[in-house]
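With these hints in hand, go ahead and build the complete structure from the sequences.
According to mature numbering (1 follows the signal peptide of the UniProt record, and there is no 0), the sequence shown holds residues -19 to -1, 1 to 674 in order.
Don't read these hints as lab results, they were simulated from the structure. It cannot be assumed that every hint is accurate.
[Said to hold, decoys possible] Each computed DSS-like pair below joins lysine-lysine, with the alpha-carbon atoms no more than 25 Å apart:
| no. | residue 1 | residue 2 |
| --- | --- | --- |
| 1 | Lys164 | Lys149 |
| 2 | Lys527 | Lys399 |
| 3 | Lys400 | Lys666 |
| 4 | Lys251 | Lys16 |
| 5 | Lys468 | Lys399 |
| 6 | Lys558 | Lys275 |
| 7 | Lys16 | Lys149 |
| 8 | Lys176 | Lys399 |
[Claimed, not checked] Each pair of labels, with its calculated beta carbon distance range:
| no. | residue 1 | residue 2 | range |
| --- | --- | --- | --- |
| 9 | Thr232 | Asp369 | 28 to 38 Å |
| 10 | Thr17 | Gly159 | 16 to 26 Å |
| 11 | Glu634 | Gly602 | 46 to 56 Å |
| 12 | Thr17 | Gln60 | 39 to 49 Å |
| 13 | Asn460 | Glu634 | 15 to 25 Å |
| 14 | Gly159 | Gln60 | 43 to 53 Å |
| 15 | Glu313 | Thr226 | 29 to 39 Å |
| 16 | Asp521 | Asp156 | 53 to 63 Å |
| 17 | Gln60 | Ala234 | 17 to 27 Å |
| 18 | Glu89 | Thr226 | 20 to 30 Å |
A virtual CB, placed ideally from N, CA and C, is assigned to each residue, including glycine.
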Amino acid sequence: MLFHLTLALASALWPTARSAPVLASEDPCEPIANKTWVAPAEVRACLGSFPFNTTLRDNTIDVLSKTLNFHTSVTYSLQEPAPFDEIHVDIQAELARIRGSTYQFDFELHQDVSRTVKRLKDGHAVYINYCYDSLFTTYHPFPVVSLGSDIYIAPEAYNISVSTFGAKVINEWEDMAGFDFAKYSGAKVLQIDGKDPWQVVDENAAVTGSFQTHASRQNLYNAGTWAYSLGDFASRSLPLVDSVTLLVLPTDATEPEQIIVPYRSQFGTKSVPFEDSDSLWENNCEARKDTNGKDRYDTGDDGDDDDEEAKTGGPRTLIAAPTKSGPKPARERWNPPVQIGRDGRPVGVSQFIQDGPPLDAILPAALLPEQHLRRSGGGPIQFLMLDDGQTGVLALGSFDGNQTTLYHGLLGGLQDLKKRGAERLLVDLSSNGGGIICVAAWLHRILAGPGPETIPQPGLDTKARVNPLNQAIVDAIINDDVDPDAKMIYNPVNQPLGNSTGHFSNTTNWLQPPVSTLVNGVQDEFSQKLGADCGNPWFDNLEPPKEPIFDLDSIVILGNGLCASSCALFSINMVVKHGVKSAVYGGMPGVQQQYGGTVGGQSLDHTAIDSEIKACLCTAGLKEHPLAPPDFLYDAHQGIVFRLAFSIENAPEMEEYQSHPAQFQIPLTLENVNRPVAIWEDVVKQVFGPGSD
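Dropping the structure here:
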């Protein structure tokens, strides 16, 4: 059987593809088809069977290289300042290296691209190939936690595994391992594959992406938080490891034990079922209708191939033969799509990109707080009162979701806490990867009250990177009327003035003249200073309080060091502008924890940029511009930082490259780890004094 191609296109697109059918039994993907749980080695055999192809390599590098021309942080990443100075990557040079490299299999190409982009350590600039990333997610039954200077198997590990994966799966897993898993919950980990556990944590921190600060990347290894994450040790997007050898000291034991624990791979909750190699490729690897951008004014049928050719500026180049049905329909994604506001314009977000779907797991009932007041409309908001009757808690897992829920829920919930007698407030932002920028600004405004730090600017000033292509987009918007309804991101009327008192006029080219800036010895060009998009009128014409809901001295911003994007924008505003206290729980002793990191400013992706370009096709032909990214051939994703925030205290430096050390570091113990109420009570004692409870 030919791999992933019609016979007509095999020789053109896959020079190394097999030239004759093979027996079905030789197809390495058939043994794992329609199965939920398989061995990682079986997944590797399947994914590693797709031959390397230069067309796909060149297309991928073209898309990434040209999309990252819009990424505002590229030149800053050449060498970031302390404490982020382990980040130093010339991403364009690395992509050029990959373009000149050959690989035996396509999966090897993907791993190189993925590892390279992760070197940016930026959760906004993430590359995902849905053909490989979390097609199967590879799990371990023993999530780990760091308690002081030691690493432990999480005390709740067995209960979490059973509740998440099911008792039948765990029983089968135990049969494979040859021992019962429950015995090892809470065990101290002495070695991981013969190495000191912290050495392994640091090795993972060196290659995992997302966060600039080393401390945060260390914390990614650990399991926990309310919406439970298994951590990097126990959850992997690629099936690259089969088992791990652990030297552990079980609870109440006096002698260590060595155990070999297998990993298992679960078919992704957002992956499309397949029967064999060909259908795997067709269903999960080929670009879909929502992979690439689309002119926001195009309401026609994608099924007409001639129309599609006109829209893309040239004949479509597909992995499979074109059909009258056009591109494959959109599929469910684990990263939320861009929201369109009531005015028809995209809602501004600053949000981390996940390389796999979130795990459907929560803390065991025994660890969940009983002081729960309400959860607003199914959103990520939890309000609670501690037993002291004085401390209210806002546990906010995300700034993304339904806007009505977020805006109304935050205001109403905080006011309700106050009515119930709360005199101080803990804002728990554990593992909050951001979301809607103006929701973060709204929370800042209602907590801090009116004043020069919130009116008219409740957010941070920003800037965008300038290149000849986005200048041409703005020119087309102004001169060719390609955006009469102001749907486009680059439309001047959608960009805020630097003083945050309005937006540019529809005839102002806000990218001219560019501001030339020397960054790491490289002359780069950026826009003029831009303001914040948020403020009066607020969503639903909500009226913010005329004074702070809580005394600012009685507020604590806390979390596990994994607060980023809009979460970081909010927390940094609160701490830097208003002196609000900050605390991080957990982490390696002696390592300074950061309460907010990877700030960004506003995030976009290849699809959004491509949509801007395609809106200009009919008049400007910008898809043919030499800097225009081609359409992805894979079903893939590349994110960028569209606007980067200026520093509050050290402008014209960027807030991304400022240190944000937590004022308080709360140690985790077997008594409080992954027990939210116990952690919150420890925060109250350490921040407000032992008699405060």
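Hints, verified against the model:
For the hint pairing lysine 164 with lysine 149, the CA-to-CA distance comes to about 18 Å; that is within 25 Å, so the pair holds. Proposed proximity of lysine 527 and lysine 399 is supported: the alpha carbons are some 15 Å apart, at most 25 Å. For the given pair, lysine 400 sits about 23 Å from lysine 666 by alpha-carbon distance, which is consistent with the 25 Å threshold. Proposed proximity of lysine 251 and lysine 16 is supported: the alpha carbons are some 14 Å apart, at most 25 Å.
About 40 Å separates the Cα atoms of lysine 468 and lysine 399, which puts this hinted pair outside 25 Å; it is violated. Of the supplied pair hints, the one linking lysine 558 and lysine 275 is violated, its CA atoms being roughly 40 Å apart against a limit of 25 Å. This hinted pair checks out: lysine 16 and lysine 149 have alpha carbons roughly 15 Å apart, not beyond 25 Å. With a CA separation close to 50 Å, the supplied pair lysine 176 and lysine 399 exceeds the 25 Å bound.
In this structure the supplied range 28 to 38 Å holds for threonine 232 paired with aspartate 369, their Cβ-Cβ distance being about 31 Å. The hinted window of 16 to 26 Å between threonine 17 and glycine 159 holds, with their beta carbons roughly 22 Å apart. Under the hint 46 to 56 Å, the C-beta atoms of glutamate 634 and glycine 602, about 39 Å apart, miss the expected range. The hinted range of 39 to 49 Å is satisfied by threonine 17 and glutamine 60, whose Cβ atoms lie roughly 45 Å apart.
Hint check: asparagine 460 to glutamate 634, Cβ distance near 35 Å, so the stated range 15 to 25 Å is violated. Between glycine 159 and glutamine 60, the C-beta spacing of about 49 Å keeps the proposed range 43 to 53 Å intact. A hinted range of 29 to 39 Å for the beta carbons of glutamate 313 and threonine 226 is consistent with their spacing of about 37 Å. For the pair aspartate 521 and aspartate 156, the supplied restraint of 53 to 63 Å holds, since their beta-carbon distance comes to about 55 Å.
Take glutamine 60 and alanine 234: their Cβ atoms lie about 48 Å apart, and the range 17 to 27 Å is violated. Taking the beta carbon of each, glutamate 89 and threonine 226 are about 26 Å apart, inside 20 to 30 Å as hinted.
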